[in-house]
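**Q** Residues per chain, in single letters:
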Amino acid sequence: MECDDYGTLMLNGQDLIRLSGVSARNIGAVQVGLGAGYHLLVLKLFNGPERGWLTLTSTFQGESRSLLGGKELHPVDLSRFGAWLSAVKGIEKGGWIFFLVSLALLIILSFLQTSSRPAPVKAVGRFSPEGDETQEKGLRPIHGQAKVLVSLWVILMLLGLSHQIGLVFRLGRALPPLSWSMKCPDPISLFENQILVIRPYLPSRGTIGFLSDGEDTISLFRLQYALSPRLVTPEPGPRLIIGVFHDGASLRDRLKQGDLSLIKDFQNGLVLLERKNP
Amino acid sequence: MFLVAPLLISWLIGVALTAVWVPRGFGCWNGLFRSALAWGLGIGVTSSLLFLWLLLYGSFHYGFFFLEFGLLLSALIFLILRSPRQFSRPPAAVFDESDAKIEKRFRLGFFLLLLIGMVILILVSLIAPHGDWDAWAIWNNRARFIFRSGSNWRDAFSPLINWSHPDYPLLLPLTVSRCWFYLGRESLAVPVLVAIGFSFSIIALLVSSLGAIKNKSQGYLGGILLLSTPSFLTHGASQYADLPLAFFILAAIIPLYVYDHSPVKDKTGLMLGGLLAGFSAWTKNEGLLFVLILCLLRVGRVFFRPFSGRHWAEAAFFLSGLVPPLVILILFKTTLAPSNDLLSLTTWDLVTSHLTDPKRYLLIAKTFFTTLFFFGDGSLPLLPFLLIYALWVGRSSSLGGLWSFAPLFLQLLGYLLVFLLTPQDLQWHLGTSQGRLMLHLWPAFLWVLLAQLKTPEEARKRKNRPLLPLHRFDGSDDTGFPLLKEPPTPPGWLHNGRTSMPPNPLKMGSSSCGLFPRPSEKVRKAASPFPFSLCGLFLHVSMITKGVSLGKLD
Numbered sequence: 248m249e250c251d252d253y254g255t256l257m258l259n260g261q262d263l264i265r266l267s268g269v270s271a272r273n274i275g276a277v278q279v280g281l282g283a284g285y286h287l288l289v290l291k292l293f294n295g296p297e298r299g300w301l302t303l304t305s306t307f308q309g310e311s312r313s314l315l316g317g318k319e320l321h322p323v324d325l326s327r328f329g330a331w332l333s334a335v336k337g338i339e340k341g342g343w344i345f346f347l348v349s350l351a352l353l354i355i356l357s358f359l360q361t362s363s364r365p366a367p368v369k370a371v372g373r374f375s376p377e378g379d380e381t382q383e384k385g386l387r388p389i390h391g392q393a394k395v396l397v398s399l400w401v402i403l404m405l406l407g408l409s410h411q412i413g414l415v416f417r418l419g420r421a422l423p424p425l426s427w428s429m430k431c432p433d434p435i436s437l438f439e440n441q442i443l444v445i446r447p448y449l450p451s452r453g454t455i456g457f458l459s460d461g462e463d464t465i466s467l468f469r470l471q472y473a474l475s476p477r478l479v480t481p482e483p484g485p486r487l488i489i490g491v492f493h494d495g496a497s498l499r500d501r502l503k504q505g506d507l508s509l510i511k512d513f514q515n516g517l518v519l520l521e522r523k524n525p
Numbered sequence: 002m003f004l005v006a007p008l009l010i011s012w013l014i015g016v017a018l019t020a021v022w023v024p025r026g027f028g029c030w031n032g033l034f035r036s037a038l039a040w041g042l043g044i045g046v047t048s049s050l051l052f053l054w055l056l057l058y059g060s061f062h063y064g065f066f067f068l069e070f071g072l073l074l075s076a077l078i079f080l081i082l083r084s085p086r087q088f089s090r091p092p093a094a095v096f097d098e099s100d101a102k103i104e105k106r107f108r109l110g111f112f113l114l115l116l117i118g119m120v121i122l123i124l125v126s127l128i129a130p131h132g133d134w135d136a137w138a139i140w141n142n143r144a145r146f147i148f149r150s151g152s153n154w155r156d157a158f159s160p161l162i163n164w165s166h167p168d169y170p171l172l173l174p175l176t177v178s179r180c181w182f183y184l185g186r187e188s189l190a191v192p193v194l195v196a197i198g199f200s201f202s203i204i205a206l207l208v209s210s211l212g213a214i215k216n217k218s219q220g221y222l223g224g225i226l227l228l229s230t231p232s233f234l235t236h237g238a239s240q241y242a243d244l245p246l247a248f249f250i251l252a253a254i255i256p257l258y259v260y261d262h263s264p265v266k267d268k269t270g271l272m273l274g275g276l277l278a279g280f281s282a283w284t285k286n287e288g289l290l291f292v293l294i295l296c297l298l299r300v301g302r303v304f305f306r307p308f309s310g311r312h313w314a315e316a317a318f319f320l321s322g323l324v325p326p327l328v329i330l331i332l333f334k335t336t337l338a339p340s341n342d343l344l345s346l347t348t349w350d351l352v353t354s355h356l357t358d359p360k361r362y363l364l365i366a367k368t369f370f371t372t373l374f375f376f377g378d379g380s381l382p383l384l385p386f387l388l389i390y391a392l393w394v395g396r397s398s399s400l401g402g403l404w405s406f407a408p409l410f411l412q413l414l415g416y417l418l419v420f421l422l423t424p425q426d427l428q429w430h431l432g433t434s435q436g437r438l439m440l441h442l443w444p445a446f447l448w449v450l451l452a453q454l455k456t457p458e459e460a461r462k463r464k465n466r467p468l469l470p471l472h473r474f475d476g477s478d479d480t481g482f483p484l485l486k487e488p489p490t491p492p493g494w495l496h497n498g499r500t501s502m503p504p505n506p507l508k509m510g511s512s513s514c515g516l517f518p519r520p521s522e523k524v525r526k527a528a529s530p531f532p533f534s535l536c537g538l539f540l541h542v543s544m545i546t547k548g549v550s551l552g553k554l555d
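Chains as they are written, first to last, in this note's numbering: chain A, 248 to 525; chain B, 2 to 555.
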């Protein structure tokens with residue numbers, strides 16, 4: 248599965264692939280055995296700020312078949328529910344205004360309380376024009392400012408807790424399913440597993456070329472990380488070249504130019520090429 | 002256990018160094034402060050040693066272990082010899098009952114947020130054990146090169162992989178590869194532990210130092226604010242070099258600030274500040290800017306003051322701490338690092354065209370203020386809250402001044418200048434780095450601000466002071482405001498030996514709140530539960546809005 252930003256593949260209610268992180272091309276792969284009969288396949292995609300894409304490819308007995316192309320996806324029509332969602336999003340955007348206003352109100356009201364609630368002092372011979380009743384009401388065990396302090400503490404804690412708990416939920420949702428060995432199938436680990444098949448064909452060090460059918464910087468960076476200490480460069484020159492081709496047709500077009508020969512197609516979007524005249 | 006052994010060794014070396022360098026006057030929280038500082042100091046020293054070893058011997062060798070063990074042994078002997086005097090601490094400050102209550106609340110809040118913060122750091126590490134983009138593309142990639150290449154470790158700085166910024170300093174990659182050398186294998190847990198260690202060290206450093214120079218409540222308040230910053234927590238485990246840099250900036254600011262404001266002029270604090278500033282430059286290129294600013298402020302001001310041996314001595318102590326890590330950095334930059342991509346792409350024509358382009362200024366200003374206002378990546382802004390809190394509690398008279406913010410302000414200004422001159426696409430550059438750059442300064446900013454603000458206890462005492470102090474009941478109040486002649490005492494005004502404050506007819510509605518008229522009793526009754534209901538409402542709205550933002554990920 249490949250997608251822009253966040254994508255999830257679920258089979259029969261179980262998460263198989265969870266791709267996360269803001270990236271133009273997230274790649275994930277999984278191998279599952281399916282019994283005869285119907286299976287429920289659910290795909291989720293989240294991308295922003297523009298429209299995203301998702302492709303799903305299955306490989307069965309060495310044959311690749313595209314199940315879903317990026318152009319086949321359309322946003323869901325939410326009709327009135329969409330308007331409600333927009334309204335709630337508006338509240339989210341205005342959340343900070345609400346926060347500031349409430350904080351300002353809180354402080355103003357606390358000042359009002361303080362001015363009306365006298366602090367106890369050992370004093371004699373004071374005159375109160377409001378008489379005894381007011382003085383009795385003034386004798387309260389909690390001072391106004393102490394209440395403000397408690398209120399500020401509560402606001403501070405709410406601020407911290409709302410931020411932290413929100414983050415925990417967000418991360419919890421992005422967490423891929425854990426195995427007993429606590430190994431997460433994160434995109435980098437998946438990619439490293441994907442290129443294990445190429446390693447035997449490569450020298451232990453030296454420079455490897457890189458070729459792609461698009462501007463695929465993430466694959467270049469991931470290859471460099473996975474193949475270190477070999478140097479991976481998109482510059483022309485190296486004899487051995489790793490190609491990342493998402494489309495078989497573009498690979499065939501590239502090979503038609505005649506300066507490269509195919510050493511091996513690993514059937515997972517990766518190919519090993521050799522320059523004919525290095 | 003074996004996994005943490007290399008980090009424990011570097012930490013112990015750091016502990017020994019703190020015994021020499023930590024200035025006196027850090028009171029009862031000395032232990033936590035030293036431990037937090039030792040984390041960064043140890044990592045700075047051991048990574049520098051490994052770099053020198055690789056440069057001299059060409060590859061890693063087991064002799065390096067003996068070098069470190071020798072250093073550790075001599076450090077331990079030094080610690081044992083000095084411990085009776087160095088670790089004698091002054092007694093903790095005694096708070097009265099009300100202070101203890103406030104402190105208890107803040108402590109509870111801090112530890113609650115710390116607990117959830119730990120869960121967040123673990124979750125982030127589980128989701129991305131290799132770290133975020135820059136972590137695996139730059140920092141861990143370089144660590145792998147150094148560990149896997151053997152004698153060809155210089156390949157990590159090949160111009161063929163210029164896109165991976167091989168000119169970036171090596172504190173973080175060398176720390177990770179040093180641990181792998183100890184273990185004899187690569188382990189994803191190492192960069193995770195290093196990153197989380199730096200996050201906790203920043204929290205510990207902030208809390209302990211504020212607790213020592215102000216009081217514990219202020220320390221916990223600093224910790225709460227830091228832990229309420231979502232971007233701090235997500236970056237805490239992202240394995241980027243931004244938080245280690247933030248650590249060194251904070252750690253350098255503290256001893257320099259304490260030296261400037263303490264009556265005890267212990268110059269070892271200046272040396273420590275210089276050393277930590279030097280390690281900030283060894284962590285990230287932005288640290289070089291910080292070093293430059295500190296040099297301008299601390300050394301430059303010697304020339305603008307009347308000649309004094311003390312000022313020259315101060316500058317000399319600061320530079321003596323700064324020079325060792327700076328020498329390591331210069332060695333790296335001159336022997337291995339290719340030229341910086343920003344510098345190499347910048348031409349004079351580009352500089353002049355960018356400087357005279359008003360659109361760039363507007364875009365930078367717009368993005369800067371938006372990032373500043375919404376800093377922290379939370380659903381609610383932190384800085385406005387902090388501003389209101391600061392206005393409420395007020396400034397402490399004993400410590401500080403706006404001058405203390407100068408290094409941070411100049412650093413921010415330097416960042417904005419880099420954005421103005423960048424040869425990269427400005428929108429992209431701002432979008433990918435401005436939040437992180439502000440994170441470098443956030444812990445230090447919090448520290449300097451809270452060091453200057455009144456503590457919650459001080460603020461409460463100030464606000465609760467009698468409106469008209471009796472000892473000044475001589476026809477004027479403490480503001481010099483004239484009072485009416487004292488009228489005869491009405492009967493029945495004294496209750497249980499305490500009295501309420503009589504209102505001053507001339508200062509009605511202008512004594513403590515200043516602007517607002519006294520409300521009626523009905524309004525007061527209605528208003529009293531309002532702050533708490535506001536909190537409840539705030540909680541609900543924040544949960545609703547958070548729920549919507551969570552839904553974005555599905």
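Calculated directly from the structure, the hints in this document are not laboratory data. Model, not experiment: these values are computed from the prediction. Don't be surprised by glycine CBs; every beta carbon is placed ideally from N, CA and C. Some hints could be false.
Sample of chain A residues at the chain B side, in silico, Cβ under 10 Å [stated by the list, open to error]:
{"no.": "1", "residue": "V277"}
{"no.": "2", "residue": "V279"}
{"no.": "3", "residue": "V395"}
{"no.": "4", "residue": "M404"}
{"no.": "5", "residue": "I412"}
{"no.": "6", "residue": "D463"}
{"no.": "7", "residue": "I465"}
{"no.": "8", "residue": "F468"}
{"no.": "9", "residue": "R469"}
**Q** For each hint, tell me whether it holds in the structure or not.
**A** Hints, one by one, checked against the model:
no., hint, result
1, V277, "violated (17 Å)"
2, V279, "violated (22 Å)"
3, V395, "holds (7 Å)"
4, M404, "holds (5 Å)"
5, I412, "holds (7 Å)"
6, D463, "violated (13 Å)"
7, I465, "holds (8 Å)"
8, F468, "holds (4 Å)"
9, R469, "holds (8 Å)"
The earlier numbered hints that this structure contradicts are 1, 2, 6.
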